[in-house]
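Please build the complex by placing chain C on the supplied structure of chain H, with the hints as guidance.
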Amino acid sequence: MSQATQAVGSTVTGTGLTKYYGAVAALDNVNFEFGPGLNAIVGDNGAGKSTLLKILSGVVRPDSGSIAVNGKEVDLKTARDARAVGIESLYQDLALAPTMSICDNIFLGRELTKSYFGVKILDRRAMMAVARNALAEIRIKMPDPATAVRTLSGGQRQAVAVARALHFGARILLLDEPTAALGPRETAAFFDTLRSAVRQDGTVVMVGHNLPQVLQMANRIIVMRAGHVVAKFLPEETSVEKLTGFMVGSAS
Amino acid sequence: MLLAVLVLVSVVFSLIAPGFATVGSLDNILVVAVPVALLAMGESLAIYSGGIDLSVGAMLGLGGMSGGAIMSGLYHGQTGTDIGLMLLGLGVALAVGLVGGLFNGFVIGKLKLEPLIVTLGTLGIFGGAADLISGGEPLSSFPPSSFELGNGSLVGFLPILVAIGIVVLFLFLFVERMTTLGRHIFALGANRDALVRAGVTPNGVILWVYALAGVAAAFAGFLKASQFQTATPIAGQNTLLLGVAAVVIGGAPLTGGEGTVLGAGLGAILISVLENGFVELGLQSYWQVVAVGALVIVAVYVSQVQQRRKTFGYRHRVRAGTVPAGLMLDEGGSEEHAT
Numbered sequence: 001m002s003q004a005t006q007a008v009g010s011t012v013t014g015t016g017l018t019k020y021y022g023a024v025a026a027l028d029n030v031n032f033e034f035g036p037g038l039n040a041i042v043g044d045n046g047a048g049k050s051t052l053l054k055i056l057s058g059v060v061r062p063d064s065g066s067i068a069v070n071g072k073e074v075d076l077k078t079a080r081d082a083r084a085v086g087i088e089s090l091y092q093d094l095a096l097a098p099t100m101s102i103c104d105n106i107f108l109g110r111e112l113t114k115s116y117f118g119v120k121i122l123d124r125r126a127m128m129a130v131a132r133n134a135l136a137e138i139r140i141k142m143p144d145p146a147t148a149v150r151t152l153s154g155g156q157r158q159a160v161a162v163a164r165a166l167h168f169g170a171r172i173l174l175l176d177e178p179t180a181a182l183g184p185r186e187t188a189a190f191f192d193t194l195r196s197a198v199r200q201d202g203t204v205v206m207v208g209h210n211l212p213q214v215l216q217m218a219n220r221i222i223v224m225r226a227g228h229v230v231a232k233f234l235p236e237e238t239s240v241e242k243l244t245g246f247m248v249g250s251a252s
Numbered sequence: 001m002l003l004a005v006l007v008l009v010s011v012v013f014s015l016i017a018p019g020f021a022t023v024g025s026l027d028n029i030l031v032v033a034v035p036v037a038l039l040a041m042g043e044s045l046a047i048y049s050g051g052i053d054l055s056v057g058a059m060l061g062l063g064g065m066s067g068g069a070i071m072s073g074l075y076h077g078q079t080g081t082d083i084g085l086m087l088l089g090l091g092v093a094l095a096v097g098l099v100g101g102l103f104n105g106f107v108i109g110k111l112k113l114e115p116l117i118v119t120l121g122t123l124g125i126f127g128g129a130a131d132l133i134s135g136g137e138p139l140s141s142f143p144p145s146s147f148e149l150g151n152g153s154l155v156g157f158l159p160i161l162v163a164i165g166i167v168v169l170f171l172f173l174f175v176e177r178m179t180t181l182g183r184h185i186f187a188l189g190a191n192r193d194a195l196v197r198a199g200v201t202p203n204g205v206i207l208w209v210y211a212l213a214g215v216a217a218a219f220a221g222f223l224k225a226s227q228f229q230t231a232t233p234i235a236g237q238n239t240l241l242l243g244v245a246a247v248v249i250g251g252a253p254l255t256g257g258e259g260t261v262l263g264a265g266l267g268a269i270l271i272s273v274l275e276n277g278f279v280e281l282g283l284q285s286y287w288q289v290v291a292v293g294a295l296v297i298v299a300v301y302v303s304q305v306q307q308r309r310k311t312f313g314y315r316h317r318v319r320a321g322t323v324p325a326g327l328m329l330d331e332g333g334s335e336e337h338a339t
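So the sequences go chain by chain: H and C.
FYI, in our numbering the residues of the first sequence are 1 to 252.
FYI, in our numbering the residues of the second sequence are 1 to 339.
Excised from the complex, chain H in its bound form (with noise of 0.2 angstroms):
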């Protein structure tokens, strides 16, 4: 098991995040407690899901508010803050180099080297061994690390590129929409992946628009509307109808 999945119980909360889009409210005054497990934010189009993401993930910077990652303040002023605090994002397009393997991928950029004589030479078997733990890890069936990744399923990729996120100290990881462009199996496929790195104590956050399956697999989930979260929920205290409810405004 790796170090990342041995921190238990990140939590990451939001006090008055307030973002504006010229005279436009992306986040009006967001509070919110994300713990270890699955959190969903589910909204509308513009209700600013996406923005409290980019916030987190440190693409963006609110005007006003803080956010604090285990109860210390943090400003995430890139995407690099926030990969220092261990936040890390699932891109939709998953930021994979399609004609390399599995195992490139897990270490593209902190790949493990020997050194020779001074000379820096890379380490494959030992990067192999730790590929096939951390895709075992998030129990997904899964070809041998040195395949191409362009030859996986999209679900498999989703799967390769959680496992590095989960692997390289992601306590929090935070995940737009990872289904939009899955077919049923493969998002039951994801969801068992997410599953599995649940349970080891991580902690993530997904804005999700698949209703029945986040009431299935959330811990906790917040609705948005307009910039405003509307409601917290249980996910046994709520139904699909009163989500959707909360969601368009007719329920308060």
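Rather than coming from a laboratory, the hints here were simulated on the basis of the structure.
Ideal Cβ placement from N, Cα and C applies to all residues, glycine included.
Please note that the accuracy of each hint is not assured.
Claimed, not checked - In silico SDA-like cross-links for lysine to any residue, where the CA-CA straight-line distance does not exceed 25 angstroms:
(1) H:Lys120 to C:Arg177
(2) H:Lys232 to H:Tyr20
(3) H:Lys54 to C:Leu98
(4) C:Lys112 to C:Leu123
(5) C:Lys310 to H:Arg199
(6) H:Lys120 to C:Leu98
(7) C:Lys310 to H:Thr187
(8) H:Lys114 to C:Val200
(9) H:Lys120 to C:Arg192
(10) H:Lys242 to H:Asp44
(11) H:Lys114 to C:Gly204
(12) H:Lys114 to C:Arg177
(13) C:Lys110 to H:Ala79
(14) H:Lys120 to C:Val167
(15) C:Lys112 to H:Thr78
(16) C:Lys310 to H:Lys242
(17) H:Lys120 to C:Leu102
(18) H:Lys120 to C:Thr311
(19) H:Lys141 to C:Thr311
(20) H:Lys120 to C:Phe170
(21) H:Lys232 to H:Thr13
(22) H:Lys54 to H:Glu236
(23) H:Lys54 to H:Phe191
As the list claims (entries may be wrong) - Derived list of chain C stretches under chain H, where covered just means 3 residues or more per stretch with a C-beta under 8 angstroms from a C-beta of chain H:
(24) 89-97
(25) 172-180
(26) 198-209
(27) 302-312
Same frame as chain H, but now just chain C:
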């Protein structure tokens, strides 16, 4: 498969051209292949990285001219300083290659310009500079050790040029397979964003790629000048075509992200076999250029078909009848979701 083609072509030539299958002919094929192979190996890195270097042919001419100018300028038949002069010429040629290559890399990386256009520009700059060195005249009267470098043999039968080619091949293979730089070059060509998000700055990788391409090209130029004991600004004529051809014939797609310098080396040998075979058949050597040009087009086609086959979802769509085998038109992006 490339190896099979190489063997097939060689067998055909030895059957129809009696002079082809001799030891002398084999040596000659390899010697002729070396400068093209050096050029192709440098070009390989540029192509793996998703770019291209059109200036390598011009750099071959400039490398030969700058090294040649040093040697012919300082050598006046004296003895004793012979090898030193040759090494000085070599050093100057490699330095010129390095500077030119770094310039390419700097402009492409820092100013974020298309490699195709940048290196088209430096093709002109390097070519013009090679002419300026001597007012377009060829240079000669080099120290004897440069003749030895270009025409001598090790242990009696292994031409020094071929030995150099083998050493450089191993160096490039090392970079390609055993180093972090190699991984980053491929990643840059496969998906630049993936590399950036992995925390690697592409500019450093780009500098390395074009610097190595420049040095390899200038080295090829110096070796060619040593072999013929003449440096001429037009030494690089057609060599850009041959270099890119060797890479493409070697199986590297121009879209970047994959390939091996081993393929580029074999491609260079195949090109040399064609030239030799045509000469042995009594055809004009111009036919080689025609044949290589045609071969490039065939190789690009074969490589495209292979690309499609390697990608997820291809077989499924062939079975479903939505694409005829080998003729799938959409590339990249949409493919992964095609189930």
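Cross-check of the supplied hints:
1. H:Lys120 to C:Arg177: holds, 12 angstroms
2. H:Lys232 to H:Tyr20: holds, 23 angstroms
3. H:Lys54 to C:Leu98: violated, 42 angstroms
4. C:Lys112 to C:Leu123: holds, 18 angstroms
5. C:Lys310 to H:Arg199: violated, 35 angstroms
6. H:Lys120 to C:Leu98: Cα-Cα ~23 angstroms, so holds.
7. C:Lys310 to H:Thr187: holds, 24 angstroms
8. H:Lys114 to C:Val200: holds, 19 angstroms
9. H:Lys120 to C:Arg192: holds, 24 angstroms
10. H:Lys242 to H:Asp44: The hint holds at about 14 angstroms.
11. H:Lys114 to C:Gly204: Answer holds: Lys114 of chain H to Gly204 of chain C is near 21 angstroms, not above 25 angstroms.
12. H:Lys114 to C:Arg177: holds, 14 angstroms
13. C:Lys110 to H:Ala79: It holds: about 21 angstroms lies between the C-alpha atoms, which stays within 25 angstroms.
14. H:Lys120 to C:Val167: holds, 19 angstroms
15. C:Lys112 to H:Thr78: With a Cα-Cα distance of about 22 angstroms, the restraint between Lys112 of chain C and Thr78 of chain H holds, given a limit of 25 angstroms.
16. C:Lys310 to H:Lys242: violated, 46 angstroms
17. H:Lys120 to C:Leu102: Distance ~23 angstroms between Lys120 of chain H and Leu102 of chain C Cα, so the pair holds.
18. H:Lys120 to C:Thr311: Between Lys120 of chain H and Thr311 of chain C the Cα gap is close to 32 angstroms, so the pair fails against 25 angstroms, i.e. violated.
19. H:Lys141 to C:Thr311: holds, 19 angstroms
20. H:Lys120 to C:Phe170: Holds - the C-alpha atoms of Phe170 of chain C and Lys120 of chain H are around 16 angstroms apart, at most 25 angstroms.
21. H:Lys232 to H:Thr13: holds, 14 angstroms
22. H:Lys54 to H:Glu236: violated, 28 angstroms
23. H:Lys54 to H:Phe191: Given that 25 angstroms is the threshold and the Cα spacing comes to 22 angstroms, the pair holds.
24. 89-97: violated (count 0)
25. 172-180: Holds: 4 residues of the region 172-180 of chain C have a Cβ under 8 angstroms from chain H.
26. 198-209: n = 3 at 8 angstroms, threshold three: holds.
27. 302-312: holds (count 3)
Checked against the numbered hints listed earlier, the structure breaks hints 3, 5, 16, 18, 22, 24; every other hint is satisfied.
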